[in-house]
Amino acid sequence: MESTITTQDLTKEIISNLSFEDTAPYSAYRKKALDAFHKTGLPDKKNEEYRFTPITAVLEKKINWNLENSESKISSITPFLINELDAYVIVLVNGKFSKEFSKLNQVEPGIKIKTLGEAWSTEKNLVEKHIDQLINCNNDPFASLNSALWQEGIFIHVDEAIKIKKSVLILHINDASASQIISHTKALVIIEREAELSLIEKSSSTGEENIFHTFSEELVIQENALLNYVKIQHDEGNLYQVATSAIRQSDNSKLNTFTLTLNGKLIRNNFNIVIDGENCESHFYGLYLLNGNTLADNHTVVDHTRPNSYSNELYKGVMDENSKAIFNGKIYVRPHAQKTNAFQSNRNILLTDTATINTKPQLEIWADDVKCSHGCTTGQLDEEALFYLRSRGISQATAKAMLLYAFAAETLEPIRDEVLKTYLDNLISERLHKNF
Amino acid sequence: MGKENQILEEITSKEYEHGWTVNLETEEAPKGLSEEIIRFISKKKQEPEWLLEWRLKAFRQWQKMAEPKWPNVTYPEINYQDIIYYSAPKQKAKPKSLDQVDPELIKTFEKLGISLTEQKRLTGIAVDAVIDSVSVATTFKEKLKELGIIFCSFSEAVREHPELVKKYLGSVVPMNDNYFAALNSAVFSDGSFCYIPKGVRCPMELSTYFRINAANTGQFERTLIIADEGAYVSYLEGCTAPMRDENQLHAAVVELYAMKDAEIKYSTVQNWYPGDKEGKGGIYNFVTKRGLCAGDHSKISWTQVETGSAITWKYPSCVLKGNYSQGEFYSVAVTNNYQQADTGTKMIHIGKNTRSRIVSKGISAGHSQNSYRGQVKVMKRATHARNFSQCDSLLMGDRCGAHTFPYIDVENNSAKVEHEATTSKIGEDQIFYCLQRGIDEEAAVALIVNGYAKEVLNQLPMEFAVEAQKLLALTLEGSVG
Numbered sequence: 001m002e003s004t005i006t007t008q009d010l011t012k013e014i015i016s017n018l019s020f021e022d023t024a025p026y027s028a029y030r031k032k033a034l035d036a037f038h039k040t041g042l043p044d045k046k047n048e049e050y051r052f053t054p055i056t057a058v059l060e061k062k063i064n065w066n067l068e069n070s071e072s073k074i075s076s077i078t079p080f081l082i083n084e085l086d087a088y089v090i091v092l093v094n095g096k097f098s099k100e101f102s103k104l105n106q107v108e109p110g111i112k113i114k115t116l117g118e119a120w121s122t123e124k125n126l127v128e129k130h131i132d133q134l135i136n137c138n139n140d141p142f143a144s145l146n147s148a149l150w151q152e153g154i155f156i157h158v159d160e161a162i163k164i165k166k167s168v169l170i171l172h173i174n175d176a177s178a179s180q181i182i183s184h185t186k187a188l189v190i191i192e193r194e195a196e197l198s199l200i201e202k203s204s205s206t207g208e209e210n211i212f213h214t215f216s217e218e219l220v221i222q223e224n225a226l227l228n229y230v231k232i233q234h235d236e237g238n239l240y241q242v243a244t245s246a247i248r249q250s251d252n253s254k255l256n257t258f259t260l261t262l263n264g265k266l267i268r269n270n271f272n273i274v275i276d277g278e279n280c281e282s283h284f285y286g287l288y289l290l291n292g293n294t295l296a297d298n299h300t301v302v303d304h305t306r307p308n309s310y311s312n313e314l315y316k317g318v319m320d321e322n323s324k325a326i327f328n329g330k331i332y333v334r335p336h337a338q339k340t341n342a343f344q345s346n347r348n349i350l351l352t353d354t355a356t357i358n359t360k361p362q363l364e365i366w367a368d369d370v371k372c373s374h375g376c377t378t379g380q381l382d383e384e385a386l387f388y389l390r391s392r393g394i395s396q397a398t399a400k401a402m403l404l405y406a407f408a409a410e411t412l413e414p415i416r417d418e419v420l421k422t423y424l425d426n427l428i429s430e431r432l433h434k435n436f
Numbered sequence: 001m002g003k004e005n006q007i008l009e010e011i012t013s014k015e016y017e018h019g020w021t022v023n024l025e026t027e028e029a030p031k032g033l034s035e036e037i038i039r040f041i042s043k044k045k046q047e048p049e050w051l052l053e054w055r056l057k058a059f060r061q062w063q064k065m066a067e068p069k070w071p072n073v074t075y076p077e078i079n080y081q082d083i084i085y086y087s088a089p090k091q092k093a094k095p096k097s098l099d100q101v102d103p104e105l106i107k108t109f110e111k112l113g114i115s116l117t118e119q120k121r122l123t124g125i126a127v128d129a130v131i132d133s134v135s136v137a138t139t140f141k142e143k144l145k146e147l148g149i150i151f152c153s154f155s156e157a158v159r160e161h162p163e164l165v166k167k168y169l170g171s172v173v174p175m176n177d178n179y180f181a182a183l184n185s186a187v188f189s190d191g192s193f194c195y196i197p198k199g200v201r202c203p204m205e206l207s208t209y210f211r212i213n214a215a216n217t218g219q220f221e222r223t224l225i226i227a228d229e230g231a232y233v234s235y236l237e238g239c240t241a242p243m244r245d246e247n248q249l250h251a252a253v254v255e256l257y258a259m260k261d262a263e264i265k266y267s268t269v270q271n272w273y274p275g276d277k278e279g280k281g282g283i284y285n286f287v288t289k290r291g292l293c294a295g296d297h298s299k300i301s302w303t304q305v306e307t308g309s310a311i312t313w314k315y316p317s318c319v320l321k322g323n324y325s326q327g328e329f330y331s332v333a334v335t336n337n338y339q340q341a342d343t344g345t346k347m348i349h350i351g352k353n354t355r356s357r358i359v360s361k362g363i364s365a366g367h368s369q370n371s372y373r374g375q376v377k378v379m380k381r382a383t384h385a386r387n388f389s390q391c392d393s394l395l396m397g398d399r400c401g402a403h404t405f406p407y408i409d410v411e412n413n414s415a416k417v418e419h420e421a422t423t424s425k426i427g428e429d430q431i432f433y434c435l436q437r438g439i440d441e442e443a444a445v446a447l448i449v450n451g452y453a454k455e456v457l458n459q460l461p462m463e464f465a466v467e468a469q470k471l472l473a474l475t476l477e478g479s480v481g
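Going down the list, the protein sequences come from chains E and R.
Numbering of the first sequence is given in our numbering, commencing with residue 1 and proceeding in unit increments.
Numbering of the second sequence is given in our numbering, commencing with residue 1 and proceeding in unit increments.
Since the hints were derived computationally from the structure, they do not count as laboratory data.
Among the clues, some could well be false.
To be verified - Output of the computed footprint for chain R on chain E, the stretches with three or more beta carbons under 8 Å from beta carbons of chain R:
{"no.": "1", "region": "360-372"}
{"no.": "2", "region": "377-385"}
Said to hold, decoys possible - Distance windows between CB atoms, simulated:
{"no.": "3", "chain 1": "R", "residue 1": "57", "chain 2": "E", "residue 2": "312", "range": "49 to 55 Å"}
{"no.": "4", "chain 1": "E", "residue 1": "335", "chain 2": "R", "residue 2": "70", "range": "19 to 25 Å"}
{"no.": "5", "chain 1": "R", "residue 1": "69", "chain 2": "E", "residue 2": "293", "range": "31 to 37 Å"}
{"no.": "6", "chain 1": "E", "residue 1": "335", "chain 2": "R", "residue 2": "60", "range": "41 to 47 Å"}
{"no.": "7", "chain 1": "E", "residue 1": "129", "chain 2": "R", "residue 2": "384", "range": "52 to 58 Å"}
Values in this document were obtained by computation on a predicted structure and should not be read as measured data.
Idealized CB from N, CA, C, for every residue including glycine.
In isolation and in its complexed conformation, chain E is listed as follows (with noise of 0.2 Å):
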């Protein structure tokens, strides 16, 4: 029972190191999350979600919760900037809003680029209606915390009918060049009607010390509007990070995901979906390629709460030295969602026998009119493939990043965005040393 009572410690450790101003209008919802995350406490080896995520444990002895941020010494952004893409840029440095680093001049009309504590004043009635609303306070630990604890956010409103042409482009950075960080990060974005979004998130870290970064964002998609997603999580630094996805999807929209993790020590994807309207349309895709001690989480749910819509998701990982990889897709369909397609599929391939893949697909099904399916699998490149190239001179190596590379670059077919593509193809053949 040790392990609780850690947990509980750890939990009272960090809110006794509280402080907030109460006059804020946003007070009162920093309360209610506290209460919250005061508590579920921080999940401890028992808690289901967390079973292979011993995250408590990890930041516990990673983590002082004393320290205070250091500002950081970045002079450009631009080692983490995507080459070439056209982009309204948002960045994010140790937690804090960066008007130096962002480009936010010149936006195109039709779209709201604001901090969050800005649109509480100007924007009040649209924020505190969705705001805290799909994500869970009261189940998720990590959520709690950020709701309380966001020293920045960001809001993004796309106004009806309008279709945004340039990307945008939330970064995060997190410099612990000169001291441990911990920051919490949070966003909200309204897509109206009919109106389209590109929206890429990256996180980027550096320095040497430690980095606890929690991010929490709610993605509201209205009637027949559109999403493309992508997140892309390369840090060098030693960071442990919790990002929590929410995305409601109305009647008719359509949603495109992607995520990329590639770096940190400790990475928690959770990515909550609930499609709430009919003949909504989604896809998520996804690509773990891990290597060093990294250990990455995806826990994944889409919920069908209507009739007439469709699913598809696919998440791909490659597990090379110690890394370990976690992955938990739930599907629940509620017993008015008849008519729906769901599918799920989860491939693995372990690259040495000190990986290791934990998955779990679920399934959850209360309407009898649908089909759904899923399915995973763990192994290795296929030796008759592998015969085959080095049969045609093809040296052991080269042939092993080929298969890698056709293995996971199946992930990038949604992505419409040319740059982005190469951008990321870049990316995963520098990973898997794909050099032909």
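Assemble chain R onto chain E, guided by the hints.
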């Protein structure tokens, strides 16, 4: 749809046919659970000291444990002090042959369609019958003895083969394995014991028939099967219970131990009383079943057809310790009305080149909830382990649910693990295809359901396959919604 609903109605209103009771005089322990009760059971059974100690140790561990809350089932809290832990049909002395067995008892089994008398020779099955908690009769013992096979009740084994029982009891399912296994270890009253010596292929199917007869009792039996090197045995288990308004608890433990080159095939047709149409009454079936493939090239195969019980909580597992050992799990689980089932398997790959195969078919109708929960674990040492799992769910009607919770944990890079699951209903196109060829709707549904479950039913021994098919047909045919 009107006709289909009508058929569904008909089927769901069909009554449980094993719901009678027999007035057998029984000897019962007082209600409740305490060390005294355990001493009472142990004394009644004239057990040696070591077994009593073992029971008490299990009881003390059980007191420290908590009832598992993770299964996807809901039921009111069980009052463990309100259960009778020991109930035995009264017999004056231990019968020497079947002629001396209480005729009332024989009648009970004849009603069940299990004849303990010689006619069984025709089908060639040796039966051990367990009523309430006590083994009442074992047939064909002499014949099996000639081959060196020990097949008897658990208490007899304790008396006559204590060295075997002592060595293997709890070796596969430790007493503190889980809450219900610990409870069983403390209070188990009887069960079957089976030992197949080296190189012997058991010439007939061995079978246990379980029956809960008395009211307010729980049934806690324990089965232990040991297959020595190169031995083979096929074992069948069947169960029924009378209809009662209150829920009754059944917490059994089955341990299989397969040595080098041995093979054990364990088949179950579970037909406990499932409760009435409103979900009142029925058996809580909380069972721990596990097989250990201890030696190289050993094989354990579980086949189950689950149609009864208000709640089923059961995960027949294989621990594949020997190199090249094999585990199999074939299951059809049918739930109707307000039944709940959370069932599946665990395949733990420890040895090299181990293989496992899981085929699970769930069928839910009415207001029932049917869950598959399985784990495939490949340990670091288990190079070239191979697993294939398939779990399909069929939904009939829009008030039931089907859930799949597979856990796949792989720590070895040469392992190949595949899992597939689908959920669907009987397709209109499938029905249409049959109609087109002059097969009426009801027959078409029967055909499709039968085909759906065939892969599993085929694994059952002949005698059981017939019973299982009938059961399936009775519970479901035509109930497409």
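We went through each hint and held it up to the structure:
{"no.": "1", "hint": "360-372", "in the structure": "holds (count 13)"}
{"no.": "2", "hint": "377-385", "in the structure": "holds (count 4)"}
{"no.": "3", "hint": "57/R with 312/E: 49 to 55 Å", "in the structure": "holds, 53 Å"}
{"no.": "4", "hint": "335/E with 70/R: 19 to 25 Å", "in the structure": "holds, 23 Å"}
{"no.": "5", "hint": "69/R with 293/E: 31 to 37 Å", "in the structure": "holds, 33 Å"}
{"no.": "6", "hint": "335/E with 60/R: 41 to 47 Å", "in the structure": "holds, 45 Å"}
{"no.": "7", "hint": "129/E with 384/R: 52 to 58 Å", "in the structure": "holds, 56 Å"}
In summary, the structure agrees with every hint in the numbered list given earlier.
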